[in-house]
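2 protein chains.
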Amino acid sequence: MLYIVFCEQAIEAFGVGRVVASGHPDFEKDDLVAGLISWGEYSIVKGAIMLNKLDPMGFPLSYHVGILGFSGLTAFGGFFEICKPKKERKVFVSAASGSVGNLVGQYAKLFGCYVVGCAGTKQKVELLKEKLGFDDAFNYKEETDLNSALKRHFPDGIDIYFDNVGAEMLEAAVANMNTFGRVAVCGVISEYTDARKRAAPSMLDVVYKQINIRGFLAADLMSVYADFISTTVDHLRNGKIHVLEDISRGVDSIPNAFMGLFRGDNVGKKIVQIADE
Amino acid sequence: MLYIVFCEQAIEAFGVGRVVASGHPDFEKDDLVAGLISWGEYSIVKGAIMLNKLDPMGFPLSYHVGILGFSGLTAFGGFFEICKPKKERKVFVSAASGSVGNLVGQYAKLFGCYVVGCAGTKQKVELLKEKLGFDDAFNYKEETDLNSALKRHFPDGIDIYFDNVGAEMLEAAVANMNTFGRVAVCGVISEYTDARKRAAPSMLDVVYKQINIRGFLAADLMSVYADFISTTVDHLRNGKIHVLEDISRGVDSIPNAFMGLFRGDNVGKKIVQIADE
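So the sequence lines, in the order shown, correspond to chains Z and C. Under full-length UniProt numbering, the letters of the first sequence match residues 1 to 277, in that order. Under full-length UniProt numbering, the letters of the second sequence match residues 1 to 277, in that order.
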């Protein structure tokens with residue numbers, strides 16, 4: 001079997017697979033591996049620098065490209081290291097049903113924060129509230145004024161904004177932020193699709209409310225990797241965290257899966273299963 | 001005598017003066033005091049909560065509303081606490097001949113950084129290079145493309161941007177920033193004068209270069225106050241730091257002094273001397 005997910009801007013792919021033949025002393029036939037591989041049913045990896053043996057720990061292999069992979073690390077490290085939360089803080093997550101957003105919200109709830117998410121369909125909003133335990137959620141496409149929407153959901157202001165989208169949502173979040181608020185900038189869906197759709201948050205707000213806006217990449221969060229794995233495995237074994245996967249099958253599904261990321265088609269981690277076991 | 005400076009948005013004034021009469025047990029006639037007072041030759045202060053006795057330490061009184069007052073603390077704390085510099089880092093300062101900017105540049109040079117400043121007249125640029133020891137400086141009004149101007153002055157990228165202006169300069173600085181670059185947002189001259197003139201920096205840059213943008217106020221930097229005073233007094237006594245003051249005299253000069261801040265008239269700290277000793 002081979003599970004592959006889109007990596008950064010899909011230039012390379014992160015996946016898990018099983019070794020069918022190896023000339024490398026560290027890997028043997030039938031070993032499970034995770035790392036950077038190319039798109040396809042079979043992948044020739046030279047040097048193996050970006051490939052590691054994988055211990056599935058009893059979980060489905062797909063978990064290792066999602067909740068136990070980079071998406072999980074990004075959510076866990078981004079929330080705990082970049083947002084530096086305290087219990088009962090008010091947390092807002094955009095693209096909250098996405099691969100990272102849904103986990104940020106769940107980690108934040110398990111940690112004791114008040115969490116509101118936004119998403120782009122009624123079904124996603126229901127999912128956040130009913131299944132993932134968000135305190136509240138709203139469909140941003142139904143709002144004419146994001147500033148008012150956030151004021152309504154955060155009458156006492158936002159302490160932490162986990163930003164996956166940029167643009168107007170970031171502006172509205174900064175406008176509704178409390179003193180010493182923190183913005184973790186994880187993704188910028190708006191700019192991926194249109195470089196002109198930039199956020200222009202009020203820098204007066206940034207100064208007077210002493211706001212911290214910080215971009216980050218999962219690769220810089222390896223210091224929390226061990227903590228991330230042990231915490232997440234515990235949550236999984238205790239049934240406290242919900243795994244949202246959106247799996248399509250076969251090489252043919254790759255283009256649509258990729259484009260769907262920008263249309264907001266996916267719910268949870270978008271994964272392409274290239275081959276069965 | 002009475003020296004007064006503009007405080008935040010000039011709603012209140014920060015000044016030094018001499019007590020002419022006191023009914024408060026902590027203050028006696030002829031005591032020097034510093035704190036929030038009203039504009040005028042004489043000021044009645046009730047409660048004295050925002051007023052402290054002042055030890056001039058042998059320095060002119062005007063220093064205590066500038067380099068040894070909030071401007072100095074903002075520059076010192078903003079640079080060392082918010083920018084977290086290391087030696088040889090590349091530092092860019094906007095409004096670099098202003099009350100805070102000129103000190104940031106001087107602290108950064110004394111610390112061992114490479115420093116480039118920008119200002120709005122040829123004279124200011126000369127001053128930065130000739131008198132204050134900046135490695136380089138440029139007149140932003142002579143540049144048609146701020147992005148190219150910064151690329152020219154920072155071929156290896158910017159590590160730290162001390163922002164006093166916002167808008168296009170902040171955008172250009174983010175575009176030229178190195179990985180893990182830090183932006184300390186101290187002031188937003190552009191938005192003071194026109195709320196629509198906002199910065200729209202690329203959030204893709206913020207994510208991929210893991211940039212930290214942080215607003216701050218001097219009031220939150222009191223933890224470094226003792227260090228700020230001892231370091232700055234040392235620099236002053238050793239003649240290593242240059243004091244830039246722009247003093248106008250008399251109550252009549254207040255309106256023009258205030259408006260001049262937004263026109264960029266002042267060089268260094270704008271101070272109004274209300275009364276002679």
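Hints were generated in silico from the structure; no laboratory data involved. Possibly wrong hints are sitting among the right ones.
Since the list can't tell identical chains apart, any single copy or any two copies may satisfy a pair.
[Stated by the list, open to error] Pairs of lysine-lysine, BS3-like flavour, derived with a Cα cap of 27 Å:
hint	residue 1	residue 2
1	K197	K151
2	K129	K197
3	K209	K84
4	K197	K209
5	K197	K86
6	K141	K46
7	K84	K29
8	K209	K122
9	K131	K84
10	K46	K87
11	K141	K86
12	K197	K131
13	K151	K53
14	K122	K29
15	K46	K151
16	K29	K151
17	K86	K53
Okay, the hints, checked on the actual structure:
With identical chains, the CA atoms of K197 and K151 are at most 27 Å apart both within one copy (23 Å) and between copies (24 Å). In the homo-oligomer, the alpha carbons of K129 and K197 never lie at most 27 Å apart, since the shortest distance is 29 Å inside one protomer and 38 Å across protomers. In this assembly of identical chains, K209 and K84 lie within 27 Å of each other by CA distance both inside one copy and across copies; the values are 17 Å within and 20 Å between. For the homomeric pair K197 and K209, the shortest alpha-carbon distances inside one copy (25 Å) and between copies (19 Å) are both at most 27 Å.
In this assembly of identical chains, K197 and K86 lie within 27 Å of each other by CA distance neither inside one copy nor across copies; the values are 32 Å within and 34 Å between. For the identical chains of this complex, K141 and K46 are neighbours neither inside a copy (46 Å) nor across copies (53 Å), given an alpha-carbon limit of 27 Å. Neither within a single protomer nor between protomers do K84 and K29 lie at most 27 Å apart by alpha-carbon distance, with minima of 43 Å and 49 Å respectively. Neither within a single protomer nor between protomers do K209 and K122 lie at most 27 Å apart by alpha-carbon distance, with minima of 33 Å and 35 Å respectively.
Proximity of K131 and K84 under a CA criterion of 27 Å is satisfied intra-copy only: 25 Å inside one chain copy versus 42 Å between copies. Taking the shortest alpha-carbon separations for K46 and K87, neither the intra-copy value of 46 Å nor the inter-copy value of 40 Å comes in at or below 27 Å. Proximity of K141 and K86 under a CA criterion of 27 Å is satisfied in neither setting, with 30 Å inside one chain copy and 45 Å between copies. Taking identical chains as interchangeable, the C-alpha atoms of K197 and K131 are never at most 27 Å apart, the minima being 32 Å within one chain and 43 Å between chains.
Taking the closest pair of Cα atoms, K151 and K53 never come within 27 Å of each other, the shortest separation being 48 Å inside a single copy and 43 Å across copies. Neither within a single protomer nor between protomers do K122 and K29 lie at most 27 Å apart by alpha-carbon distance, with minima of 46 Å and 71 Å respectively. Taking the shortest Cα distances, K46 and K151 never come within 27 Å of each other, neither inside one copy (53 Å) nor across copies (38 Å). Taking CA atoms no more than 27 Å apart as the test, K29 paired with K151 passes in neither setting, with 57 Å inside one copy and 51 Å between copies.
Within a single copy, K86 and K53 get their C-alpha atoms no closer than 36 Å, and across copies no closer than 38 Å, so neither meets the 27 Å cut-off.
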